[in-house]
Amino acid sequence: MSNLDKSTALSLLRQMMVIRDFEETADKLCLRGKVPGGMHNSSGQEAVAVGTLSAIAKDDVIATTHRSHHHTLAKGYSAKSVMAELFTKATGISHGRGGSMHLAEVTEGHFGGNGIVGAGVGIAMGAALGIQHIGDKKIAVGFVGDGGMNTGRTWESINMASIWKLPLIILVDNNQYAVETFVGRVTGGGDLAKRASGFGLPAYNIDGQDVLEVRKYVTEARERALAGEGPTFINALTYRYYGHNVGEKGQYRTQEEIAQWRTTQDPIDKFTGVVISSGFATQAEVDELRASVRKEIDEAVAYAESSPEPEIASITQGVDSGKLGVQL
Amino acid sequence: MEEIFVPALGMAMDNAMLLEWLKQPGDTVNAGDVVAVIETDKTTLDLPAETSGVLGKHRYAANEEVPAGNTIAVVLAPGEVE
Ligand SMILES: Cc1ncc(C[n+]2csc(CCOP(=O)(O)OP(=O)(O)O)c2C)c(N)n1
Ligand SMILES: [Mg+2]
Numbered sequence: 387m388s389n390l391d392k393s394t395a396l397s398l399l400r401q402m403m404v405i406r407d408f409e410e411t412a413d414k415l416c417l418r419g420k421v422p423g424g425m426h427n428s429s430g431q432e433a434v435a436v437g438t439l440s441a442i443a444k445d446d447v448i449a450t451t452h453r454s455h456h457h458t459l460a461k462g463y464s465a466k467s468v469m470a471e472l473f474t475k476a477t478g479i480s481h482g483r484g485g486s487m488h489l490a491e492v493t494e495g496h497f498g499g500n501g502i503v504g505a506g507v508g509i510a511m512g513a514a515l516g517i518q519h520i521g522d523k524k525i526a527v528g529f530v531g532d533g534g535m536n537t538g539r540t541w542e543s544i545n546m547a548s549i550w551k552l553p554l555i556i557l558v559d560n561n562q563y564a565v566e567t568f569v570g571r572v573t574g575g576g577d578l579a580k581r582a583s584g585f586g587l588p589a590y591n592i593d594g595q596d597v598l599e600v601r602k603y604v605t606e607a608r609e610r611a612l613a614g615e616g617p618t619f620i621n622a623l624t625y626r627y628y629g630h631n632v633g634e635k636g637q638y639r640t641q642e643e644i645a646q647w648r649t650t651q652d653p654i655d656k657f658t659g660v661v662i663s664s665g666f667a668t669q670a671e672v673d674e675l676r677a678s679v680r681k682e683i684d685e686a687v688a689y690a691e692s693s694p695e696p697e698i699a700s701i702t703q704g705v706d707s708g709k710l711g712v713q714l
Numbered sequence: 008m009e010e011i012f013v014p015a016l017g018m019a020m021d022n023a024m025l026l027e028w029l030k031q032p033g034d035t036v037n038a039g040d041v042v043a044v045i046e047t048d049k050t051t052l053d054l055p056a057e058t059s060g061v062l063g064k065h066r067y068a069a070n071e072e073v074p075a076g077n078t079i080a081v082v083l084a085p086g087e088v089e
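Top line first, the protein sequences correspond to chains A and B.
Numbering-wise (the working numbering), the first sequence opens with residue 387 and increments by one.
Numbering-wise (the working numbering), the second sequence opens with residue 8 and increments by one.
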C-alpha cells in the first residue's frame, strides 16, 4: 500500500460506492418495470471492476460479459449515461440500442457486454491481436465469469494469446455461481489458475474483494503485456449479493452464506477500513462521500427518466460502418 | 412506508392477476407475511411484506389485473398515514 495516495484511495472508494448504489437503485427500478429486459446486478463485485479498470489506461480495450455495469462505470462512464442506457434512451452510452446487457462504446475501447457466456475473452483476444499487429502501446482485458471458464472458446482464446504473446489480461470475475451452479461443483481439477498455467502463461488466484490486490496484479500484468511478454490470467474470487438476474428467487444457496460474505468480505467496508486507518478520511467524511454518491445516482435516474427515446429515423445508424448507406 | 408492488419479471411481463388478498386493510402485518397472491403468465407468486406495520388500503380488488410495477398496498409504520 506504500504508493497509495489520498486522492487515489478516495477515488477508488467513491467508484465502488457509485457501483453499489447504482446497482441497488437500478434493481428496484427494474422490478418496477422501468428497465426493459431486466438486468444482472453486480453488487458485491465492485473491487474486481474498480481494481482492474483503475490499473489500465483510458484507451486500453475491455470486452466484458452479460454482467457489465460495474466494469462500465469503473471505466469512467457516468452513472447518467449508463442509467440512460438501461432505460434504452437516446442519451445512453449505446444510444439506447443496447440496454443493460450491451453497454458499449467501441470508439473508446469499450468493446461491450454481450449475451454469450465466455465471449468476452475471445473478443478481447481479437482486440489484443489487432493491437499487436498495429503496434499500439496498449492492452486488452477480457472479463469472464466462473461459468464462462468452462466454455471452449475461452480456452481456445487463451491458448492463442499464449502462443502469440498477445497483450491480453484474462480477468475472471469469479462470483462463484453460474446462475444456480456453484463453481466448485463444475471445476475439474478445482483450481482455475492451475488450469490456465497449463497453457503456458502466468496465472493467479487472488482476493477479488480487495481492491488494492486486484489493482496490483492488473498493474503488473499490464506492464508484462506492454513489454511484449504476453498474457496473464487472473482469477479474482468475489461474490454476488443478488440473484443471477433481477427478481430471482433462488434456493441454491443459503441466506447465511450471503450474510457471511456481506458482513465479513464486503469490498467497500474492507476498503473503507483501509481509508480510515491510513488517515485519508474520517468516518464522517466517508458518510459525506456516500451522501454525494446517493445524490449522483438520484440525478442519474432523473436524467434517464427525462431523456428522449431514440428517434425512429435514426434506426439505421450504428448498424454498419456508415458507408453502406442502409436505408429504411 | 413500504410499497408492496407487482414485480416486473421476465422480458415482456405486462400484467398480473391479483388472485387473493391474505391481509385486510388495518390488519397488523409482520415482515415476511404474505399479503397477496398474484398470477403472472408464468407462475403464481406470493407477495410478502418486508417490514412490519399496518396494512393500508387495497388499491386493487381480487381478480383484478394489475400492471407490472404498480403498487397494490402499503405497509404503514407507527404514525404513518397513507
Ligand atoms: C453460450 C451460452 N451458454 C449459456 C448461456 C445462458 N447463461 C446466461 S448467464 C449464464 C451463467 C453465467 O455464469 P458466469 O459466467 O459465472 O457469470 P455470472 O452470471 O456469474 O456473472 C448462463 C449459463 C448463455 N447466455 N450463453
Ligand atoms: Mg459467476
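Don't take each hint at face value.
As the list claims (entries may be wrong) - Here are the simulated DSSO-like cross-link-like pairs (lysine-lysine), alpha carbons at most 27 Å apart as the crow flies:
no., chain 1, residue 1, chain 2, residue 2
1, B, Lys-30, A, Lys-681
2, A, Lys-681, B, Lys-64
3, B, Lys-30, A, Lys-414
4, B, Lys-64, A, Lys-414
5, B, Lys-30, A, Lys-656
Claimed, not checked - Just the calculated beta-carbon pair ranges, DEER-fashion:
no., chain 1, residue 1, chain 2, residue 2, range
6, A, Leu-390, B, Gly-86, 23 to 29 Å
7, B, Gly-33, A, Thr-493, 47 to 53 Å
8, B, Glu-27, A, Leu-396, 23 to 29 Å
9, A, Glu-542, B, Asn-70, 35 to 41 Å
10, B, Gly-86, A, Ala-443, 33 to 39 Å
11, A, Asp-706, B, Val-41, 50 to 56 Å
12, A, Glu-615, B, Asp-48, 27 to 33 Å
These aren't lab readings, by the way, just hints derived from the structure by calculation.
Predicted, not measured: the structure shown is a model, and the values here were computed from it.
Note that the Cβ used here is the ideal one computed from N, Cα and C, for glycine as well.
#### Entry: Enumerated hints in conflict with the structure, sorted upward
Hints 1, 2, 5, 6, 7, 8, 9, 10 and 12 contradicted; others consistent.
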